[in-house]
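Residue numbers (the numbering used here), protein chains in the order written: chain A, 1 to 338; chain B, 339 to 676; chain C, 677 to 1014; chain D, 1015 to 1352.
No false leads were slipped in.
Straight-line distance between alpha carbons at most 27 Å, and here's what the computed DSS-like set of lysine-lysine pairs gives: (1) A/Lys149 to A/Lys200; (2) C/Lys703 to A/Lys36; (3) B/Lys538 to B/Lys487; (4) C/Lys955 to C/Lys795; (5) C/Lys712 to A/Lys70; (6) D/Lys1050 to C/Lys955; (7) A/Lys27 to A/Lys49; (8) A/Lys279 to D/Lys1084; (9) D/Lys1041 to B/Lys365.
Calculated directly from the structure, the hints in this document are not laboratory data.
4 protein chains.
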Amino acid sequence: MIIVMANNATEQEIEGVIRRIEDEGFKAHLSRGVEKTIIGVIGDERRLKEVALEVLPGVEEVIPILQPYKMASRSFRADRTVIDLGDGIVIGGERIHVMAGPCAVESREQLLTAAEKVKAAGATILRGGAFKPRTSPYSFQGLGEEGLKILAEAREKFGLKIVTEVMDIRTLPLVAAYADIIQIGTRNMQNFDLLKEVGKVNRPVLLKRGLSATIEEWLMAAEYILANGNFNVILCERGIRSFETYTRNTLDLSAVPVVKHLSHLPVVVDPSHGLGRWKFVAPMCRAAIAAGADGLLVEVHPNPAAALCDGAQSLTPENFGAMMDDLRRIAAALGRTL
Amino acid sequence: MIIVMANNATEQEIEGVIRRIEDEGFKAHLSRGVEKTIIGVIGDERRLKEVALEVLPGVEEVIPILQPYKMASRSFRADRTVIDLGDGIVIGGERIHVMAGPCAVESREQLLTAAEKVKAAGATILRGGAFKPRTSPYSFQGLGEEGLKILAEAREKFGLKIVTEVMDIRTLPLVAAYADIIQIGTRNMQNFDLLKEVGKVNRPVLLKRGLSATIEEWLMAAEYILANGNFNVILCERGIRSFETYTRNTLDLSAVPVVKHLSHLPVVVDPSHGLGRWKFVAPMCRAAIAAGADGLLVEVHPNPAAALCDGAQSLTPENFGAMMDDLRRIAAALGRTL
Amino acid sequence: MIIVMANNATEQEIEGVIRRIEDEGFKAHLSRGVEKTIIGVIGDERRLKEVALEVLPGVEEVIPILQPYKMASRSFRADRTVIDLGDGIVIGGERIHVMAGPCAVESREQLLTAAEKVKAAGATILRGGAFKPRTSPYSFQGLGEEGLKILAEAREKFGLKIVTEVMDIRTLPLVAAYADIIQIGTRNMQNFDLLKEVGKVNRPVLLKRGLSATIEEWLMAAEYILANGNFNVILCERGIRSFETYTRNTLDLSAVPVVKHLSHLPVVVDPSHGLGRWKFVAPMCRAAIAAGADGLLVEVHPNPAAALCDGAQSLTPENFGAMMDDLRRIAAALGRTL
Amino acid sequence: MIIVMANNATEQEIEGVIRRIEDEGFKAHLSRGVEKTIIGVIGDERRLKEVALEVLPGVEEVIPILQPYKMASRSFRADRTVIDLGDGIVIGGERIHVMAGPCAVESREQLLTAAEKVKAAGATILRGGAFKPRTSPYSFQGLGEEGLKILAEAREKFGLKIVTEVMDIRTLPLVAAYADIIQIGTRNMQNFDLLKEVGKVNRPVLLKRGLSATIEEWLMAAEYILANGNFNVILCERGIRSFETYTRNTLDLSAVPVVKHLSHLPVVVDPSHGLGRWKFVAPMCRAAIAAGADGLLVEVHPNPAAALCDGAQSLTPENFGAMMDDLRRIAAALGRTL
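Only chain A is shown next, with the shape it has when bound in the complex (with noise of 0.2 Å):
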């Protein structure tokens, strides 16, 4: 952590910080420029976050210096984490996962229907929300548990895995109970008490980034989780809200190669919500790919038209069928696979 003093700050002022600075049990580093004095803290600067030094006399700026995340930060683990789903599904490896569904499981026909298709085309996960986050009280809320069946149904019959959403801790160890990948929705992300509970079950976790998170604010909600002992999370970069309204979402692809530069932990990227319009699915999708990602989260629905949520997003069965081709031809240039 550096103070930068104000340029009128009076020598009583400094020793005022200095004071301060030792009195919580951090050395002080005294540097005086043409301009500027500058005081260097030294320490785990962390811990002295607590305290506004802003506001001691003569204070003009305090400017971090220290990641505030640990666990999810590279320099907390070397290697990458790869969390593997069992039946040789492993997200963080050479092989790119593309998980893909419907935004909300509607009635077990469109589900398993949705589920047989995506399971054609490649995908090996399979998405579908049985609790749904709405803006409207007066939308579909999701099927809830009998969701949650369905999409275990279609796991036994296609040999799919499971993602699906939990957005209240009452029902979390039900979902827990279903799911083989939890969802955090991009408006839970600073759901704090949802994080640590979640960080106390033993289930991998996506982690979708906030509308307006920075990264490295998503990366600290990554923190409340790993913190609690679940070190199995998989970030997801969804969009984040810009100026710009003709895409719904403005997708920051380039949160995947900054978040392998800066965690240890996979990123996937969902393009479906950050355009919300299926026509710009596919090229994105690519892109994602080709910017590093380890997987994609893609709505797919079998009739986009009748869906009860998000179906102007979702690509029809053969539009992700032409896709994954796409996709496939993309890996192999970057010597992955998909």
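We have chain A already, so just place chains B, C and D on it with the hints.
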């Protein structure tokens, strides 16, 4: 709802859209322009929103016409909502109320000192967090029930009302038992399960705007509470996320007149979180009042440099007192009291 | 400037950075922390910024300490800049000045009517564009020199000063010959060649903040003008681009106290462009004054429904007059006049 | 254009709006819904946009239906625009072209070395700024005409085409005399006078997206150039401003398929400016190609640590060469060449 057909849409595609609209129980109204054909939908479009008309062949765009919220809308309720907290404290009336206190309850002494000072300066409601949503799992997370008890003691002692945050459905009954106003924090604005539960509680709710929530989404979050039976919702603007980094967030004061135009609910402003630096809190409190806010939420700490949370944005009791004098003059200039 | 070395930086890399700093004529100051080694640079870092120290081996991050602007900074000039337009009209002093008039000069009659009305209501400066930056090449582009002549006539007739926009270096001499204040529009805030030329002209400049300009970039744009010799710069906040679409832009009123903290230059606010809807202009004018603005820029049109440009955000003379009465009361409450 | 009337609009107000529409020479088409009455306008609404229908009594909202651009639109031109630079270099065709070189021309030696290296690695177009838009007036501003001469020498020597920026109408003839492609920088995207002049020049134009420009505004800027007679416009996505600060900007790759959907113009991507850190340039170049870009603009410097401008985001020739090999494989996977 207006459906804009693509320039090259065929007659068959136009008929397909009309048929679908009618199948859903709505009336379609065709209008052929020079370049575009558009189809108006007659009926309550909120229900039709579930249907992904965008994916029907020939459709270029679907434009909603109605606001998606009902109960939160001014057309639902002609009079402004006023919320009576008892003892003559009414939010949404002619008198502006100031909610002040520390970010977090840290100790009995800290809170009682803060309470005494803010009361003396004219605040009517005491703020203080017992459960704290923190970006880092390593930061102080609040005193929990112990904090609520201290708040209750301050209420007794100084005749203040209490506003405090709930983060978790499991502790909602506890928080509701102590609080005069239950706060939903910015990170939980779209924690829909929590909104539903708060909607079933008989306590006024202060609903902070999400960091990247549009005004429409914010009113939809209020709609969740209203639709579950709790009509006593106070909206709180607290800064949105923009590209500017000098201030912590960008306080969107235009939300005050806009919300008053669109909704009957009262609006208060929290400049402390939006700015993140105490020096700018007083001018923005003045501006919030001038923009028409019904109240303020302000962080005041007896000793900001020793605060366990958000000290940098906290006013000292002295600064708070001086500010209150200015605010009273501005309120009077606008024909209100404070 | 602080250089943060990577955790695994070698001694050789640390020495390499120090050598490079010294080669550039600066002094290096080494500080070894528990996790990180940091190197402070002593000397005027503004010059060193040209050097890409980030790419030297072992460097993790380069953190500037000094503000990049000099002349625009408060440390450069202790007193506030006041700009004397003659006839007792001084921007930046105790009196708040209102600049009002139509978006564009459309005709002699339109402008003279507007001028008469805004003068009667208390405005001291007349606004009106003769050269208009329009998003569409098919929109009305302004009357050009004819518009300037009409503005000059209104100045004569009503004793108002004139503020009008320059878009093009080629017409700068013409605009400077007519205007009392030359306006640089939001889209030209980083048209650096235009800034340089305006810096050589002996006329006050009103510099609008760019749509996505940080406060630092805005002050750097002012620095271009100051560094070329023109010290009479008025900063104008007019709304920044955010994700919110209900208002045209998001008016960042916190920029008012922030700029006053960082710079000696006066600041005015233009709520008309930031909001885009006339209904919200009056509350935000009130708020701007309460936040400490030195003036306002407001669109007033004798007949908004017939305006060739931005009618939706223009006040009628009647609404403008009523608003001015409110503003006077708020100014008085703050110990200022208007 | 659709005019939505307020719920409480009177018959007289509805008639007033219809009369106004008809007075302007359009046809009105009335549609009465359950909650709302809407009025469709039949005719070319682009002309009607000048009229502030929003301020007519009883009007709640005015919703445009047509895209505001014409010539830039795909409906204007069925075939994709391909831009022939001579010597078999065609932008917008099956072959992807890479434009590479330093941010600024710093010296003859620097540029010739860069040119030789990028040519050897497969680039066909050399980039390099002679006139540099810099945030600070104290930064290196480019070599001016001397820089253009060095670029021309490199063209001769290595058989590369040249893209270089114009900042000022006064130097446009000079830049146009040297450049094969004239670049309009991000800060000048809405410098409308410059756009008009560039529209009259017989040289291809590379139009960078503004930092906070919507895709619609970007296409409107292209429209200025097209409407003035120059049809050879290449659009260049280079990152937009968002709240994320780890990368300099947020590269919006979804703009590639979106622009290809809306317009016939070719699109290239500049990841160097969007990211600001060379480490992330290669993955984003790969992603841009996979998203469907027609070309890339990449900063390559023989010695980034010695660069006078943007060294931190420049690739070394070695890294550039390695990246080009990857890009060729991805292009081949997509059925294109590079």
